[in-house]
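For reference, each letter of the sequence shown is one residue, going 3 to 326 in our numbering.
Each hint should be verified, as a subset may be incorrect.
[To be verified] Listed next, the in silico DSS-like pairs over lysine-lysine satisfying Cα-Cα at most 25 Å (straight line):
hint	residue 1	residue 2
1	K264	K192
2	K150	K202
3	K202	K192
4	K202	K56
These are computed hints drawn from the structure, not numbers from a lab.
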Amino acid sequence: MAATVPSSVIHSLIEPNVGALILSLTTTSIFFGITILQTYHYYDRYWSDPLYMKLYVLLLALLDTAQQVTVMYTTWFWAVRNYGDPSSLTDVPVTGTLEIGLTISVGVLVHGFFATRAYIMSGRNPILPSVIMVFSATHFAAGTYFCKIYTSSQDFLKAHHITWPSTVSLSCSMTADVVITTSLCYYLYKGRSGLQRTDKLITVLMIYTINTGLTTLITAMLTMILVQAPIVSATLWSTIPYYLISKCYVNSMLATLNAREKLRSMPAGTDSISGQLELGARNDRSTTVVLRRTNDVISEIAFSSGSEATTEKKALESMFVPEI
C-alpha cells in the first residue's frame with residue numbers, strides 16, 4: 003500500500019509526526035538518564051530515610067521507566083513497524099493512552115509531595131494543600147477523560163488535537179505548580195530571622211523552589227502553546243515538551259531530596275562560623291542551632307519556640323523529609 007503513495011506525501015506526514023516522536027525519544031532519554039542518576043544518588047546517600055519515602059521514590063522511578071518504554075514503543079510503532087505507511091498515523095497505539103495515564107499519575111504524586119511541604123511550612127494548615135490537590139485532582143480527571151478519548155478514537159491525529167481536555171489538564175497542573183512555588187517561597191521569606199546563615203539557607207531554598215517549579219511550568223506551557231498553535235496543531239510537535247512533563251516532575255522531586263547534603267554543608271560566609279549544621283530542641287521547647295567546627299568547638303544559638311528564627315528548622319523540614 004505504501005508504494006502507491008507519492009514520496010512527497012509520505013515526507014509531509016512523516017517529518018512533523020514521526021520526526022517529532024524521534025526528537026521526543028531523544029529528549030526523554032536524556033532526562034531518563036538524569037532520573038537514573040538521581041535515583042542512584044538518593045539511595046546511595048539517603049538510605050536512612052523513612053521506608054515510606056524510599057518506597058515513594060521507587061514508585062516514581064518505576065513509573066518514569068514505564069513512561070520511557072511507552073515513548074520508545076510509540077516511536078518504534080511508526081518509525082519502524084509501519085515505516086512508509088501514512089495510513090498508520092490514524093491508528094491509536096495502546097502506548098499512547100498509557101503514556102498519558104503515566105504522566106498524569108506522576109503529576110499527582112509529585113503534587114502530593116510538594117503539598118506536604120506546603121502543609122508543614124504553613125503550620126500544618128490544611129487549606130493550602132487542599133487547594134493544591136483540588137487543582138491536581140482536576141488535572142488528573144481531565145487527563146483521564148483525554149485517555150478515554152484516545153482509547154475510543156479510530157484516528158490518533160484527530161484525537162490528539164481535541165484540545166479542551168488537554169488544555170484543562172495542563173492549566174490545572176500549571177496552577178498547582180504556581181501555588182506550590184509561591185506558597186513555599188512566601189513562607190520561607192516570611193521566616194527570615196536576620197541571622198546570616200539562616201537567611202542564606204532560606205535564600206538557597208527559595209532558589210531551589212523556584213527552579214523546580216519553573217521546569218514543570220515551562221514544559222506544560224510549551225505543550226499547551228503547541229497544541230493550540232494553528233501552524234503545528236495538526237502535527238505531533240507538542241509531544242516533545244509533553245513527554246518531558248513527567249520527567250521534569252520526577253527530577254524536581256529527586257533534586258529536592260538530593261539537595262540536603264549540599265545545603266547542610268553550605269558555608270556560612272566569611273564572617274560566620276563554618277561547619278556542619280545540626281538542629282535540636284531543648285527541654286524548654288526552644289530550637290537550638292549547633293555549629294560544629296573542625297576543632298570540635300561547639301557554638302550554640304538558642305531561639306524561643308515562638309520566634310520566627312525557628313524557621314531554619316521549618317525550612318529544612320519543608321524541603322526534606324518531615325515526620326508526618
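Tell me, which hint numbers fail for this structure? 2 and 4
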